[in-house]
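Residue numbers (the working numbering), protein chains in the order written: chain C, 1 to 310; chain B, 1001 to 1338.
Because the hints were derived from the structure by calculation, they are not lab data. Some hints could be false.
[To be verified] Here are the simulated DSSO-like pairs of lysine-lysine, each with C-alpha atoms no more than 27 Å apart in a straight line:
#1 K34(C) x K1032(B)
#2 K1032(B) x K1105(B)
#3 K1264(B) x K1032(B)
#4 K185(C) x K1032(B)
#5 K34(C) x K185(C)
[Unchecked claim] Reference listing, derived: stretches of chain B covered by chain C, where coverage requires no fewer than 3 residues with Cβ under 8 Å from a Cβ of chain C:
#6 1047-1058
#7 1291-1304
Cβ coordinates follow ideal geometry from the N, Cα and C atoms, glycine included.
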Amino acid sequence: MIPETEYDAAQPRVGFFTDTSICIGCKACEVACKEWNHVPEDGLTYTGMSYDNTQGLGADTWRHVAFIENRSGASAVDLGMPEVGAPTDTGGATGGETGGEAAGGGGVRPDLPPGDALIDGEGDLRWLMSSDVCKHCTHAACLDVCPTGSLFRTEFGTVVVQEDICNGCGYCIPACPYGVIDQRKDDGRAWKCTLCYDRLGVGMEPACAQACPTDSIQFGPLEELRERAARRVEELHGKGVDAARLYGHDPDDGVGGDGAFFLLLDEPEAYGLPPDPVVTTRDLPAMWRRAGLAALGLAAGVVAAAWGRP
Amino acid sequence: MAERRRRRGRDERPMVPKAEFRSYYGLPILNKPVWSAPDIAGYLFLGGLAGASSALGAVAEVRGDDALARVSKSGAAAAAVLSLGALVHDLGRPTRFLHMLRVVKVTSPMNLGSWLLSAYAPAALTAAGSALTGRLRPLGAAGTAGAAVLGPVVASYTAVLVSDTAVPAWHDAYREMPFVFVGSGAMAAGGLGLVGAPVGEQGIARRVGLMGAAAEVVGLHVMERRLGMVAEPYRTGRPGRLMKLGEALALAGSAVAVVGGVDKGGSGRRRRTTGVVAGALMLAASACTRFGIFAAGVASAEDPRATVQPQRERLRRSSVTTGEGATSREGATTGTGG
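One chain only, chain C, in its complex shape:
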């Protein structure tokens, strides 16, 4: 029903692969994005949420670095692995015998790359960082519901707001299953990541990807990124990082796959991402059918009220 990108044949669809296992939380992406796109300042506050003071994506935050601190045993499964530092009295003692079969847990491993695990005297602290961004969905709800045609699909397969068309109706905002797009209050219009549409046109990569010092943010043709991501997950699983998983890479998921997808080290909701998003317009034909029935019902009811009894 909803056509996929109409430019499939013209040139390859591009996107981001954000490999959070090598994100060091430097926020260079946030800064580069703000500077290149002239995104206004949106409050200099301290949230107390680890190093995260931007909190989430919105009209004036198009890249957002999430910081998640958790102790092993709190949400990750303690595998009872040999530890560095003082022994602890929780979890570890019972974990040794059965650890191998526990699925889905990350635990903390001394063999992980730096920045991934931090070990202190009170037990294991895992510090996850992830740079979030607009997903540039294959089936983009924001684009579907936009009444003015301001949101459109570019020749690169990305989703962009035309600021001279947007009339600030706000429909795209609750339509987005990821909570990406939002209204700029003093401006009235909706804003979000453009995947640096202006830079793509002249063959440059987006500002965030160029600024990323560890290549956690990788830009390129989507097909290529998906292959690269699959190899990276395999590599991490081979190193024992069982918690590594891809998010948004699957073209068969509820949004037809994301143009910007991720390698995560925990469940999506821990990063503030929905575990199984579905584009709302998937159900739109059914909605119209129900609304049509209801309208007929109303007409029939009013007629019945006039002729139903003497």
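Given the coordinates of chain C, work out where chain B should sit on it, guided by the hints.
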């Protein structure tokens, strides 16, 4: 290995924690609607009132209830104009409201709604103008007919407008929402008729109001029952109170309307008063329900649990059917413990 674990006793702390709700510092996943309640909840109410009133006005005219027809038609026209005003006022860039009509887009209920209103509002205005002045009767009849055909669509499409979002309490309710909305609209239109029409012409308005109240109240119950935890905002907090108030007013309005309908021998003055009270209660009921539904959607968007839990549940069910139970936390728990 599972054997050994079981022998150590059932009270043992499970290796894999029981499925618990997780979020990023408790922050919402969705960005909540930026629509303002007076504008958009007000529009949901006025759109329902206008659409159903147009249908009511047309049948009243055919039945010869001219006073009721005038009340309903002018009510519809006024509500349509106020609707348009509210919609334009809510835009971030009100001067660009005509951008709504620069495309025809079937995937956008707001776009189709804009086209619908641009056909409906002139028809409703023509119908009311002709009915009030008694002039241009053929044009008035065409307007009446057009508004009567489009009116029910105006009353029901707003359900699609709110359901076609990622807001769980709105989206997941898409099966029942149109019926709740047309019910609420019919109740409001019946209420307006009862308030404005003379004693001899209240019958149709009363029956439309009663049917609408029944559809709204029953529809909401069916909806809340089906939605489970996603329906929480319809029951709790400020939106929950608005919904309860709406239901109480609908039931009270219906009771008064029924009493008024049975009271054939009463004085004209008493029957008139009963009609006004019943109608006012019904109008207030519809408004409360619309503001309640709107507020519930905002609360639902703000609650990460409403977004995550149903999606987790969906993943769990699909992984069970494909035999990949161990990939989810719940699956792992049952796998090792049972």
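Hint check results:
1. K34(C) x K1032(B): 23 Å, holds
2. K1032(B) x K1105(B): Given that 27 Å is the threshold and the Cα spacing comes to 24 Å, the pair holds.
3. K1264(B) x K1032(B): At roughly 51 Å apart (the allowed maximum being 27 Å), K1032(B) and K1264(B) break the hint.
4. K185(C) x K1032(B): 14 Å, holds
5. K34(C) x K185(C): The given pair, whose Cα atoms are some 17 Å apart, holds under the 27 Å limit.
6. 1047-1058: Coverage by chain C holds for the stretch 1047-1058 of chain B (4 residues, Cβ < 8 Å).
7. 1291-1304: holds (count 3)
The structure fails to meet hint 3 from the earlier list, while all remaining hints are met.
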